[in-house]
Amino acid sequence: MTPLSLSDGTLCVLIGPPGSGKSTFARHYPDSWRVSLDLYRRLATDSETDQSATPVAVEIQNILLDARLARGLNTVVDSTNVHPHVRAGLVARAGYWRRPVIAVLFDAPLDTLEARNEARDRRAVPVDLVREHHRLLPTPDQLRDEGFAAVHLASELGS
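Sequential numbering of the sequence shown, starting at 1, is according to the working numbering.
No lab work stands behind these hints, which were simulated from the structure alone.
Among the hints, erroneous ones may be present.
Unchecked claim - Label-pair distances were calculated between CB atoms; the ranges are: (1) V127 x G72: 38 to 46 Å; (2) G95 x V127: 15 to 23 Å; (3) R131 x S7: 30 to 38 Å; (4) T45 x G89: 16 to 24 Å.
Just so we're clear, the structure is a prediction, and the values are computed from it rather than from any experiment.
By construction, the Cβ of each residue, glycine as well, lies at the ideal position given by its N, Cα and C atoms.
Let's have the full structure, built from the sequences with the hints guiding it.
Right, dumping it as structure tokens:
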């Protein structure tokens with residue numbers, strides 16, 4: 001997948017279910033650009049999948065987002081971001097700092113997601129959660145209506 005060229009200070013929000021390729025895509029960018037709830041859960045509990053650590057992980061993410069956006073640094077949010085209230089918070093944060101915010105929508109078919117999830121090295125995400133997150137995927141028009149300046153489909157970014 002070809003990475004996007006980001007203008008200075010851009011908040012790039014990756015949106016997709018587990019196994020859709022978000023983290024693989026995010027690795028195209030420098031480590032310092034990436035914020036990830038999985039990473040912060042792992043740092044807090046030694047497990048990326050320990051959902052009990054999500055509130056702490058969100059606090060860490062928000063501190064880092066503010067620090068980077070205040071400085072006009074590019075930032076890539078590598079989390080599912082399938083819930084509208086989560087995306088609204090990210091759009092609002094970018095707006096507060098007067099930074100552009102774009103979305104990359106990971107639109108892989110459900111059967112592909114389930115196969116990737118099953119093949120993961122780490123403990124697989126429960127299949128019902130993968131299905132629920134796939135069901136919650138917004139459309140590009142919804143994302144534009146939410147305030148994203150641009151929406152890119154991962155399926156159109158090439159391999």
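Hints, verified against the model:
For the hinted restraint 38 to 46 Å between V127 and G72, the CB-CB distance of approximately 41 Å keeps it satisfied. Judged by the Cβ atoms, the range 15 to 23 Å given for G95 and V127 is violated: they are separated by roughly 36 Å. At about 36 Å, the CB distance of R131 to S7 agrees with the hint of 30 to 38 Å. The given range of 16 to 24 Å is respected by T45 and G89, whose C-beta atoms sit roughly 23 Å from each other.
In this structure, only the earlier hint numbered 2 is contradicted, and the remaining ones agree with it.
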